[in-house]
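Fit chain B to the known structure of chain A by using the hints.
There are 2 protein chains.
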Amino acid sequence: MTLLSPSRRLRRTAFSEGVEAAGVKAYTVYNHMLLPTVFRSVEEDYHHLKQAVQVWDVACERQVELRGPDAGRLAQLLTPRDLRGMLPGQCYYVPIVDETGGMLNDPVAVKLADDRWWISIADSDLLYWIKGLAHGYRLDVLVDEPDVSPLAVQGPRADDLMAAVFGDKVRDIRFFRFAPFDFQGRSMVVARSGYSKQGGFEIYVEGEDMGMPLWNALMEAGRSMDVYAGCPNLIERIESGLLSYGNDMTDDNTPHECGLGRFCNTQTAIGCIGRDALLRVANEGPIKQIRAMEIEGPVVPACDRWWPLKDGEKAVGRVSSAAWSPDFKTNVAIAMVRMTHWDDGTELTVETPTGLRPAKVRENFWA
Amino acid sequence: MTLLSPSRRLRRTAFSEGVEAAGVKAYTVYNHMLLPTVFRSVEEDYHHLKQAVQVWDVACERQVELRGPDAGRLAQLLTPRDLRGMLPGQCYYVPIVDETGGMLNDPVAVKLADDRWWISIADSDLLYWIKGLAHGYRLDVLVDEPDVSPLAVQGPRADDLMAAVFGDKVRDIRFFRFAPFDFQGRSMVVARSGYSKQGGFEIYVEGEDMGMPLWNALMEAGRSMDVYAGCPNLIERIESGLLSYGNDMTDDNTPHECGLGRFCNTQTAIGCIGRDALLRVANEGPIKQIRAMEIEGPVVPACDRWWPLKDGEKAVGRVSSAAWSPDFKTNVAIAMVRMTHWDDGTELTVETPTGLRPAKVRENFWA
Numbered sequence: 120m121t122l123l124s125p126s127r128r129l130r131r132t133a134f135s136e137g138v139e140a141a142g143v144k145a146y147t148v149y150n151h152m153l154l155p156t157v158f159r160s161v162e163e164d165y166h167h168l169k170q171a172v173q174v175w176d177v178a179c180e181r182q183v184e185l186r187g188p189d190a191g192r193l194a195q196l197l198t199p200r201d202l203r204g205m206l207p208g209q210c211y212y213v214p215i216v217d218e219t220g221g222m223l224n225d226p227v228a229v230k231l232a233d234d235r236w237w238i239s240i241a242d243s244d245l246l247y248w249i250k251g252l253a254h255g256y257r258l259d260v261l262v263d264e265p266d267v268s269p270l271a272v273q274g275p276r277a278d279d280l281m282a283a284v285f286g287d288k289v290r291d292i293r294f295f296r297f298a299p300f301d302f303q304g305r306s307m308v309v310a311r312s313g314y315s316k317q318g319g320f321e322i323y324v325e326g327e328d329m330g331m332p333l334w335n336a337l338m339e340a341g342r343s344m345d346v347y348a349g350c351p352n353l354i355e356r357i358e359s360g361l362l363s364y365g366n367d368m369t370d371d372n373t374p375h376e377c378g379l380g381r382f383c384n385t386q387t388a389i390g391c392i393g394r395d396a397l398l399r400v401a402n403e404g405p406i407k408q409i410r411a412m413e414i415e416g417p418v419v420p421a422c423d424r425w426w427p428l429k430d431g432e433k434a435v436g437r438v439s440s441a442a443w444s445p446d447f448k449t450n451v452a453i454a455m456v457r458m459t460h461w462d463d464g465t466e467l468t469v470e471t472p473t474g475l476r477p478a479k480v481r482e483n484f485w486a
Numbered sequence: 120m121t122l123l124s125p126s127r128r129l130r131r132t133a134f135s136e137g138v139e140a141a142g143v144k145a146y147t148v149y150n151h152m153l154l155p156t157v158f159r160s161v162e163e164d165y166h167h168l169k170q171a172v173q174v175w176d177v178a179c180e181r182q183v184e185l186r187g188p189d190a191g192r193l194a195q196l197l198t199p200r201d202l203r204g205m206l207p208g209q210c211y212y213v214p215i216v217d218e219t220g221g222m223l224n225d226p227v228a229v230k231l232a233d234d235r236w237w238i239s240i241a242d243s244d245l246l247y248w249i250k251g252l253a254h255g256y257r258l259d260v261l262v263d264e265p266d267v268s269p270l271a272v273q274g275p276r277a278d279d280l281m282a283a284v285f286g287d288k289v290r291d292i293r294f295f296r297f298a299p300f301d302f303q304g305r306s307m308v309v310a311r312s313g314y315s316k317q318g319g320f321e322i323y324v325e326g327e328d329m330g331m332p333l334w335n336a337l338m339e340a341g342r343s344m345d346v347y348a349g350c351p352n353l354i355e356r357i358e359s360g361l362l363s364y365g366n367d368m369t370d371d372n373t374p375h376e377c378g379l380g381r382f383c384n385t386q387t388a389i390g391c392i393g394r395d396a397l398l399r400v401a402n403e404g405p406i407k408q409i410r411a412m413e414i415e416g417p418v419v420p421a422c423d424r425w426w427p428l429k430d431g432e433k434a435v436g437r438v439s440s441a442a443w444s445p446d447f448k449t450n451v452a453i454a455m456v457r458m459t460h461w462d463d464g465t466e467l468t469v470e471t472p473t474g475l476r477p478a479k480v481r482e483n484f485w486a
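First to last, the sequence lines map onto chains A and B.
Reading the first sequence from the start, the letters are residues 120 to 486 in the working numbering.
Reading the second sequence from the start, the letters are residues 120 to 486 in the working numbering.
Misleading hints may appear alongside valid ones.
Put simply, identical chains are the same to the list, so a pair is met inside one copy or across any two.
Simulated pairs of lysine to any residue, SDA-like, Cα-Cα distance not exceeding 20 Å [stated by the list, open to error]: (1) Lys144 / Asp423; (2) Lys448 / Asp234; (3) Lys144 / Met120; (4) Lys448 / Ala336; (5) Lys429 / Asp463; (6) Lys407 / Glu163; (7) Lys144 / Thr121; (8) Lys144 / Ser126.
In short, the hints are calculated from the structure, not lab data.
Since the model is a prediction, treat every value here as computed from it, not as a measurement.
Looking at chain A on its own, in the form it has when it is part of the complex (with noise of 0.2 Å):
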């Protein structure tokens, strides 16, 4: 790995002073912001997210604030999923597309109320779409990044470590549902999420000058639950098929290349920019898709470039994110694969920086 040069146009978070007490090793760069990516090491800090409790700077999951009595319509018009039944404390994972189908993000949409909205990003400026649209459209609704950070806590004693925090009426909240939690005094949106599979929280965290309050709460109360300093985990992340902006898709991609085609009521999202061009691949489906990916052989070098995925002389898809799983025993991984070439079982060879390995494709995610 090479080092990462510091500046202000990196940005640091509510609670980076946390992270860098915690050691982190290392970073990536989201949405113009740190993402921590390394703790103890990547495969200590997903054995213990497996089995304990760790505490998630993603402050760089930034917020676009849909405010006015447009907001809705505003939503709307971004995204193939239905939003019509969608109540007021619910959150929705929502493909975002542009007028030609293509994804432009794949954030969590939060409905604080039917006039206010949080669009919860993945890593490109989703702000400058919604704000030309809206600018563009002549709508009656404001479009801002508020101040808003947020914390996620991860792992199997999540729930333990947020009542200890937030008192124990934070274990009835639901998948993908938020309520407002006091803490000291200042009410901060929790909502059962996150970008693992081993369950857990993400909280709002309103107001920089609360972020370090907030961690230290936390790090404090799950001193019994082993609790330490986490993030994303490559390994974990791959094992349970969560997809990552810029890694696995691009604006090249339809939501059901992705896979998220089930996200997509392009029938009924009436209003949707992209439905139109989504019309006849949600009828007719993609030609390539995401698929899990076995590949053979030691562990693979970081997965920075796509790699070809080859029958024979014939291309027949990519590799976009890789990693060895101490659990599974192999490497795993995430590809986009042709139609021809995507059953469960087909085999197939990967090129790699350090040369050709067998590989598989598999029909589900290990987890």
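Frame of chain A; chain B shown alone:
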């Protein structure tokens, strides 16, 4: 410095092989792409840039292409700079503002033809803003990121190196003009421009496959000229007063606050979205503005966050970029300062992470 975790999301460039072979030591991330920051050391790179010639991988200056009958109208929507007199073959530095007059980016616009423009962007997904507007205004224009990778040749011997590869006619290009030049049978736009004050060119390499052939040709031709791989240099850019979007300005700032009022023709830039919002500040001037700043004492730490500027207890601004200058034997810095304290010679105090330092406002940058 901490480590940077590799992933496909942090895109490699058409020149990454060359950059790695030259021994890159550190990166930053810019437009979701790797941008080298250090080769030998920031200071060695600095001296070499001022004495010889460097080849810079600035592929991260991604292009937004506007193509179609409404391309010119769309370009004028984006900026308060009057584009009516701009001819094909010219480059303009164009502040881009939203409807509130806040800066969204500060790119260079390259007018290829009346109906074809490239916007060579700083670090924000300006593509999203432009696409959103084009769609909202129903303009007859295609907006996309083309396969174009800028490569810069910078330093006092840049003309000689470029002439060795592209022929002597390249010397005739005037500042912020461009012309097409042939390289191995492919046409490339070559502009006299670049993110240093040492003189030089930017080559807009169309087609990723041409990246390494051109890199290698420049390295080969420059052997006798002490050519080396380089990158935008923190010290040199501060001395030269070259602003960095995300560091020295954000969407909270108007162009006038950034000292870019001379690029705003607010009266005549009819169509510009931010025009109305900027009329008042264009007449009255801003109440805070970018200033060059000298910071006393030994070498300052890395400026990875705003450093508050104080007059006694009173907050009067903040420093956004700072570095030790070997040539000027002082810490050079860029700050946003309130008008009550922005006069040449005003003495202030700056709060750095390693303690308070005396600082002084300067009328001009160093170079």
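Here is how each hint holds up against the structure:
1. Lys144 / Asp423: Both: 18 Å inside a copy, 17 Å across copies.
2. Lys448 / Asp234: Neither. Shortest intra-copy (49 Å) and inter-copy (56 Å) distances fail the 20 Å Cα cut-off.
3. Lys144 / Met120: both (11 Å within a copy, 10 Å between copies)
4. Lys448 / Ala336: Classified as neither: same-chain Cα gap 37 Å, cross-chain 46 Å, threshold 20 Å.
5. Lys429 / Asp463: Within one copy only: 16 Å inside a chain, 65 Å across chains, cut-off 20 Å.
6. Lys407 / Glu163: neither (35 Å within a copy, 49 Å between copies)
7. Lys144 / Thr121: This pair counts as both: shortest intra-copy Cα distance 12 Å, inter-copy 6 Å.
8. Lys144 / Ser126: both (17 Å within a copy, 16 Å between copies)
In this structure, the hints that do not hold are numbers 2, 4, 6, in rising order.
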